[in-house]
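Go by the hints and put chain B onto chain A.
Number of protein chains: 2
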Amino acid sequence: MLKLNIVKIGGAIIEQEAKLLPFLQGFAALKGPKILVHGGGKRATAWADKLGIPVQMKDGRRVTDAATLELITGLYAGQVNKSIVAHLQGMNCNALGLSGADANAIQAVKRPVKAIDYGFVGDVKQVNNRWFKHLLGQNISPVCCAITHDKNGQLFNTNADTITAEIGKALAQDFEVKISYCFELPGVMKDINDSNSLIEKINQASYQQLLLNNTISAGMLPKLHNAFDALQAGVKEVAIGATNMINQTIPYTSITL
Amino acid sequence: MLKLNIVKIGGAIIEQEAKLLPFLQGFAALKGPKILVHGGGKRATAWADKLGIPVQMKDGRRVTDAATLELITGLYAGQVNKSIVAHLQGMNCNALGLSGADANAIQAVKRPVKAIDYGFVGDVKQVNNRWFKHLLGQNISPVCCAITHDKNGQLFNTNADTITAEIGKALAQDFEVKISYCFELPGVMKDINDSNSLIEKINQASYQQLLLNNTISAGMLPKLHNAFDALQAGVKEVAIGATNMINQTIPYTSITL
Numbered sequence: 018m019l020k021l022n023i024v025k026i027g028g029a030i031i032e033q034e035a036k037l038l039p040f041l042q043g044f045a046a047l048k049g050p051k052i053l054v055h056g057g058g059k060r061a062t063a064w065a066d067k068l069g070i071p072v073q074m075k076d077g078r079r080v081t082d083a084a085t086l087e088l089i090t091g092l093y094a095g096q097v098n099k100s101i102v103a104h105l106q107g108m109n110c111n112a113l114g115l116s117g118a119d120a121n122a123i124q125a126v127k128r129p130v131k132a133i134d135y136g137f138v139g140d141v142k143q144v145n146n147r148w149f150k151h152l153l154g155q156n157i158s159p160v161c162c163a164i165t166h167d168k169n170g171q172l173f174n175t176n177a178d179t180i181t182a183e184i185g186k187a188l189a190q191d192f193e194v195k196i197s198y199c200f201e202l203p204g205v206m207k208d209i210n211d212s213n214s215l216i217e218k219i220n221q222a223s224y225q226q227l228l229l230n231n232t233i234s235a236g237m238l239p240k241l242h243n244a245f246d247a248l249q250a251g252v253k254e255v256a257i258g259a260t261n262m263i264n265q266t267i268p269y270t271s272i273t274l
Numbered sequence: 018m019l020k021l022n023i024v025k026i027g028g029a030i031i032e033q034e035a036k037l038l039p040f041l042q043g044f045a046a047l048k049g050p051k052i053l054v055h056g057g058g059k060r061a062t063a064w065a066d067k068l069g070i071p072v073q074m075k076d077g078r079r080v081t082d083a084a085t086l087e088l089i090t091g092l093y094a095g096q097v098n099k100s101i102v103a104h105l106q107g108m109n110c111n112a113l114g115l116s117g118a119d120a121n122a123i124q125a126v127k128r129p130v131k132a133i134d135y136g137f138v139g140d141v142k143q144v145n146n147r148w149f150k151h152l153l154g155q156n157i158s159p160v161c162c163a164i165t166h167d168k169n170g171q172l173f174n175t176n177a178d179t180i181t182a183e184i185g186k187a188l189a190q191d192f193e194v195k196i197s198y199c200f201e202l203p204g205v206m207k208d209i210n211d212s213n214s215l216i217e218k219i220n221q222a223s224y225q226q227l228l229l230n231n232t233i234s235a236g237m238l239p240k241l242h243n244a245f246d247a248l249q250a251g252v253k254e255v256a257i258g259a260t261n262m263i264n265q266t267i268p269y270t271s272i273t274l
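In the order they appear, the protein sequences are chains A and B. All residue numbers for the first sequence refer to our numbering, where the first residue is 18 and numbers rise by one. All residue numbers for the second sequence refer to our numbering, where the first residue is 18 and numbers rise by one.
With the rest of the complex left out, here is chain A (with noise of 0.2 Å):
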């Protein structure tokens, strides 16, 4: 089965184009099939603040009221998506931008209200794999967004790291698929201070012991339940680690089953 890379970068690489430009060259350079999941950066909450729209955060997640998902929509499918595409189309990689709603790419539904309403975050509901295999079929590299849609005229703010990879499961019928979460720290640490502290891998069953261990930050537990649900479904591995393991033998940690 022909390899497929899906890489997300988190957005604190976005902001500085000292970083970005090197990572895009690098995910430029990969051969053979690729997607860019792109989240939105801090500058959300700046623009937000400039325009008066007040930011509202439940248990550590931004309540999406319709004047935030309007700001977002611009920042995240417009400002920060073009300019990555335009970035790599400079650089020979014939990126496409994409939302969820563009051809239909990715369908959510609103987040049922439970204890907390929040607002218009939506939950992928189904990932156009057809439309995916197409693009790559035509040597495109899509670069999505963490925007959605209803399909039902309805745009929706959706986790970034959860598109990766609910498009990383779609995609495992048809392509070994290695999903790279790119961010800020070499990996998965024991100790966030200590460089040498970096778990290189983790499979189930050491993913059990370090929960019972309590060895894991709480931030980045969802990414590592993202990538167990993506490696259940048929993804081949998920790596978590700096930008530039995408195309450099640098450590990172490595997730299979």
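FYI, nobody ran anything at the bench for these hints, they're computed from the structure. Be a bit skeptical, because a hint or two may be false.
For identical chains, the list gives no copy identity; a pair is met inside one copy or between any two copies.
[As the list claims (entries may be wrong)] Subject to a maximum C-alpha distance of 25 Å in a straight line, what follows is the list of computed BS3-like cross-link-like pairs (lysine-lysine):
#1 168 to 36
#2 168 to 195
#3 168 to 59
#4 48 to 168
#5 67 to 195
#6 207 to 142
#7 48 to 131
#8 75 to 207
What you are looking at is a predicted structure, and each value in this text was computed from that prediction instead of being measured.
Below, chain B without anything else, positioned relative to chain A:
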């Protein structure tokens, strides 16, 4: 030859959901291949005010500095484009939003600095007609915003009327192209305040006469210039009129050679 409808809507319609939704219903109902091009609307000025980005106009055109380009990329390629795409998807039209950077759809060059430097304003150099043909062949309807790129990492602000004409010209060898410029008036008027003064037909000879008689308002001249430019390159008909002309039998201005 297969007919291709290329429809452009202006900013005033985009800002009014009560007008935008019926228009999009009409567009979604159009049979056969179709492309939508949209302007940005007046919100660019409102947002620039709120964000403290000074609006500079020279000769009635916005000067696009880096901050303005970033803002309008968010507004046009993000907010407006994705809202339109999501609505069309809800109407069972398989819409795909595009900036010029996406799959290198529309390449441009920075407008040469003569008396005025318009900043990051691009003049269309090449429309990727293979890509548009490919999408139309997949029954996908491109929704194009007025952002282009130079294939070297730089985005540009570009006039939406011109983009519409350039797409039409690029596809005139493969389709029988009809361009419809939809706006707030019933078409080209002899007297803008007299709805009975609609000019229903213009050809090259009568256009020269209208120019000699000073019948055409200054704001309409670039549209007519674009229209004849497109017709001379093989576009079959250019229509100028109200939004509902695309699928209702109402009077409009029909321009042919």
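Exercise. Starting from the hint list further up, note which numbers the structure goes against and sort them upward.
Key: Hints 2, 3, 5, 6, 7 and 8 are the ones this structure does not satisfy, whereas the remaining hints hold.
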